[in-house]
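Could you put together the complete structure from these sequences and hints?
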Amino acid sequence: MWNQFFLLEEYTGTDTQYVGKLHTDQDKGDGNLKYILTGDGAGSLFVIDENTGDIHAAKKLDREEKSLYILRAKAIDRKTGRQVEPESEFIIKIHDINDNEPKFTKDLYTASVPEMSGVGIIKTALPDMSRENREQYQVVIQAKDMGGQMGGLSGTTTVNITLTDVNNNPPRFPQSTYQFNSPESVPLGTHVGRIKADDPDVGENAEMEYSIAEGDGTDMFDVITDKDTQEGIITVKQNLDFESKMLYTLRVDASNTHPDPRFLHLGPFKDTAVVKISVEDIDEPPVFSKLYYLIEVDEDVKEGSIIGQVTAYDPDAMNNLIKYSIDRHTDMDRIFSIHSENGSIFTLKPLDRESSPWHNITITATEINNSKQSSHIPVFIRILDINDHAPEFAMYYETFVCENAKPGQLIQTVSVMDRDDPPRGHKFFFEPVPEFPLNPNFTIVDNKDNTAGIMTRKDGYSRNKMSTYLLPILIFDNDYPIQSSTGTLTIRVCACDNQGNMQSCNAEALVLSAGLSTGALIAILLCIIILLVLVVLFAALKRQRKKEPLIISKDDVRDNIVTYNDEGGGEEDTQAFDIGTLRNPEAREDSKLRRDVMPETIFQIRRTVPLWENIDVQDFIHRRLKENDSDPSAPPYDSLATYAYEGNDSIADSLSSLESLTADCNQDYDYLSDWGPRFKKLADMYGGDDSDRD
Numbered sequence: 001m002w003n004q005f006f007l008l009e010e011y012t013g014t015d016t017q018y019v020g021k022l023h024t025d026q027d028k029g030d031g032n033l034k035y036i037l038t039g040d041g042a043g044s045l046f047v048i049d050e051n052t053g054d055i056h057a058a059k060k061l062d063r064e065e066k067s068l069y070i071l072r073a074k075a076i077d078r079k080t081g082r083q084v085e086p087e088s089e090f091i092i093k094i095h096d097i098n099d100n101e102p103k104f105t106k107d108l109y110t111a112s113v114p115e116m117s118g119v120g121i122i123k124t125a126l127p128d129m130s131r132e133n134r135e136q137y138q139v140v141i142q143a144k145d146m147g148g149q150m151g152g153l154s155g156t157t158t159v160n161i162t163l164t165d166v167n168n169n170p171p172r173f174p175q176s177t178y179q180f181n182s183p184e185s186v187p188l189g190t191h192v193g194r195i196k197a198d199d200p201d202v203g204e205n206a207e208m209e210y211s212i213a214e215g216d217g218t219d220m221f222d223v224i225t226d227k228d229t230q231e232g233i234i235t236v237k238q239n240l241d242f243e244s245k246m247l248y249t250l251r252v253d254a255s256n257t258h259p260d261p262r263f264l265h266l267g268p269f270k271d272t273a274v275v276k277i278s279v280e281d282i283d284e285p286p287v288f289s290k291l292y293y294l295i296e297v298d299e300d301v302k303e304g305s306i307i308g309q310v311t312a313y314d315p316d317a318m319n320n321l322i323k324y325s326i327d328r329h330t331d332m333d334r335i336f337s338i339h340s341e342n343g344s345i346f347t348l349k350p351l352d353r354e355s356s357p358w359h360n361i362t363i364t365a366t367e368i369n370n371s372k373q374s375s376h377i378p379v380f381i382r383i384l385d386i387n388d389h390a391p392e393f394a395m396y397y398e399t400f401v402c403e404n405a406k407p408g409q410l411i412q413t414v415s416v417m418d419r420d421d422p423p424r425g426h427k428f429f430f431e432p433v434p435e436f437p438l439n440p441n442f443t444i445v446d447n448k449d450n451t452a453g454i455m456t457r458k459d460g461y462s463r464n465k466m467s468t469y470l471l472p473i474l475i476f477d478n479d480y481p482i483q484s485s486t487g488t489l490t491i492r493v494c495a496c497d498n499q500g501n502m503q504s505c506n507a508e509a510l511v512l513s514a515g516l517s518t519g520a521l522i523a524i525l526l527c528i529i530i531l532l533v534l535v536v537l538f539a540a541l542k543r544q545r546k547k548e549p550l551i552i553s554k555d556d557v558r559d560n561i562v563t564y565n566d567e568g569g570g571e572e573d574t575q576a577f578d579i580g581t582l583r584n585p586e587a588r589e590d591s592k593l594r595r596d597v598m599p600e601t602i603f604q605i606r607r608t609v610p611l612w613e614n615i616d617v618q619d620f621i622h623r624r625l626k627e628n629d630s631d632p633s634a635p636p637y638d639s640l641a642t643y644a645y646e647g648n649d650s651i652a653d654s655l656s657s658l659e660s661l662t663a664d665c666n667q668d669y670d671y672l673s674d675w676g677p678r679f680k681k682l683a684d685m686y687g688g689d690d691s692d693r694d
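Sequential numbering of the sequence shown, starting at 1, is according to the numbering used here.
Keep in mind that the hints were calculated from the coordinates and are not lab data.
You can trust all of the hints, since none of them are fake.
Straight line, CA to CA, 20 Å or less: simulated DMTMM-like cross-link-like pairs of lysine to aspartate or glutamate: (1) Lys-245 to Asp-222; (2) Lys-34 to Glu-89; (3) Lys-406 to Asp-497.
Label pairs and their computed distance ranges (CB to CB): (4) Asn-404 to Pro-437: 24 to 30 Å; (5) Asp-333 to Tyr-397: 32 to 38 Å; (6) Ile-529 to Thr-490: 33 to 39 Å; (7) Leu-291 to Arg-678: 46 to 52 Å; (8) Pro-114 to Gly-13: 55 to 61 Å.
All residues carry an ideal CB built from backbone N, CA and C; glycine is no exception.
Quick look at the structure:
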């Protein structure tokens with residue numbers, strides 16, 4: 001019976017290490033039994049003497065590799081091969097010896113501890129250790145076993161210790177005063193200079209911000225913080241002027257943005273520096289008194305009139321003289337000009353609001369001593385309206401009246417337009433012209449809304465008697481001075497249906513047959529063209545025939561016919577007809593014989609009654625046709641009767657200048673100015689002095 005054996009590790013003896021002995025009571029010592037060993041390391045690490053049962057360790061063992069081995073032993077009869085006892089299990093344990101020194105898990109350890117820290121596992125040896133003096137430390141640590149007694153083993157490791165930063169240092173300017181220069185009139189936001197305070201801390205503990213504490217330039221300058229470089233940037237806040245102030249003094253603070261309350265007892269975590277800024281004088285361009293100018297002028301202002309003035313000055317101490325000019329790219333028509341010394345703007349040409357209500361020009365002010373220094377200013381010129389245009393029809397009206405119209409019917413509504421723009425709005429009035437105050441055919445009705453209605457005044461109109469009527473309308477406005485014009489409305493007489501819809505306005509349409517269509521007219525025209533072509537061809541063929549001689553032979557004796565194509569003396573031959581009849585219709589009433597027929601004494605020429613007083617042309621022709629049809633002296637063939645009837649004399653008398661040589665040279669034509677704007681040109685030609693007409 002056995003339980004376990006013990007064996008030392010790392011045995012260094014010359015012989016194998018004896019472990020123990022196996023023995024059974026059945027062993028008589030005669031060598032009939034055989035011991036067999038199985039299990040962990042049997043046969044390799046552990047060997048057994050099969051006769052005696054002694055167990056030895058064949059190799060050096062290491063407890064750190066394996067500290068326990070489980071083996072089984074049995075004894076068998078050599079002759080029969082049977083087990084004399086059941087198989088038994090035993091354990092071999094390896095005793096430890098101090099053959100390994102202590103080892104750290106890492107070759108190098110890294111640790112950090114805030115500066116100024118107190119006691120810890122690894123504690124500072126000196127009070128108030130400062131990172132700013134030394135940041136990195138290296139410590140070697142040794143570990144011993146056996147409680148540090150004699151014979152024990154030891155191991156070492158290295159620990160790198162870093163002191164982390166705390167905000168225990170305030171910012172400090174390296175110098176107490178900074179000096180910068182800045183030209184005047186630099187753009188707003190321009191950087192004047194940079195200042196920087198030093199802070200031994202790092203990271204957010206070194207972050208700071210700058211501010212202007214006081215000084216005479218707090219309104220003129222500003223300071224911003226560059227987060228990347230931790231610098232303070234001085235910028236221009238308002239326009240600088242050398243002539244106003246040449247030197248500014250500022251007090252700028254730099255303070256930590258993340259102070260540590262534990263170290264506030266060390267003092268304020270900010271610093272102050274003085275910043276002086278000198279303004280440099282530069283040659284500046286002229287400055288206008290305004291950003292822009294607005295000038296209002298009436299459109300009837302006379303040429304050469306002063307309409308406004310611009311002023312500019314030199315902001316420099318030199319106060320150079322300035323000259324003014326107009327940028328002609330903004331006044332291509334040269335309507336305006338400017339006095340080069342005092343800036344007075346005056347007109348060169350007449351103004352017309354209706355064509356150009358606004359004029360936008362640019363004025364340039366230039367230093368006389370330095371032409372490179374110049375400034376520009378816009379000048380907006382507004383042309384104020386003057387009532388100088390007469391109202392007129394807003395469009396061309398195609399007006400018609402039905403033949404079957406009744407009195408009081410509205411045939412047209414007219415409206416007018418005026419190029420003027422009065423401040424109180426347009427107001428127009430409509431009246432008949434004074435020469436014809438009462439029109440027997442139409443009535444003009446003012447609708448009081450800047451329109452007028454044309455009404456019929458009689459019952460029915462005839463295209464045969466009068467196909468077109470001219471209705472003059474007097475139009476005037478209510479502005480000062482009042483402008484008026486006469487618009488003439490052309491009214492055609494048309495055939496209409498019962499609903500008043502126009503059907504035809506041409507008088508020739510009555511002559512055409514009702515059943516004659518457009519296709520029939522085209523066919524008739526084609527037939528006429530074909531007949532003309534045939535006639536031309538027939539005439540051409542006839543000319544190509546050879547003419548036969550008048551006398552074929554000498555034996556043929558007959559009378560010779562001589563033909564003369566003499567048509568008479570033309571207009572000098574006064575025996576054909578009396579040309580005076582054509583010139584003067586009154587001569588037709590005289591008892592003169594017709595010269596186109598042979599007069600017969602048995603017939604007496606009948607005198608006709610004069611019909612020239614206020615007679616319609618159509619009635620005049622009908623009566624003359626009737627007289628000629630009943631005239632017994634007329635020939636039995638068709639003849640042409642010419643009538644040169646011109647109607648009644650015009651109330652304006654003759655406008656011809658053929659007899660102007662016999663007229664009085666001092667005739668007064670001033671009345672033409674009262675006829676309206678359409679006769680203005682004629683009034684200017686004849687109404688002026690003799691020198692003007694020449």
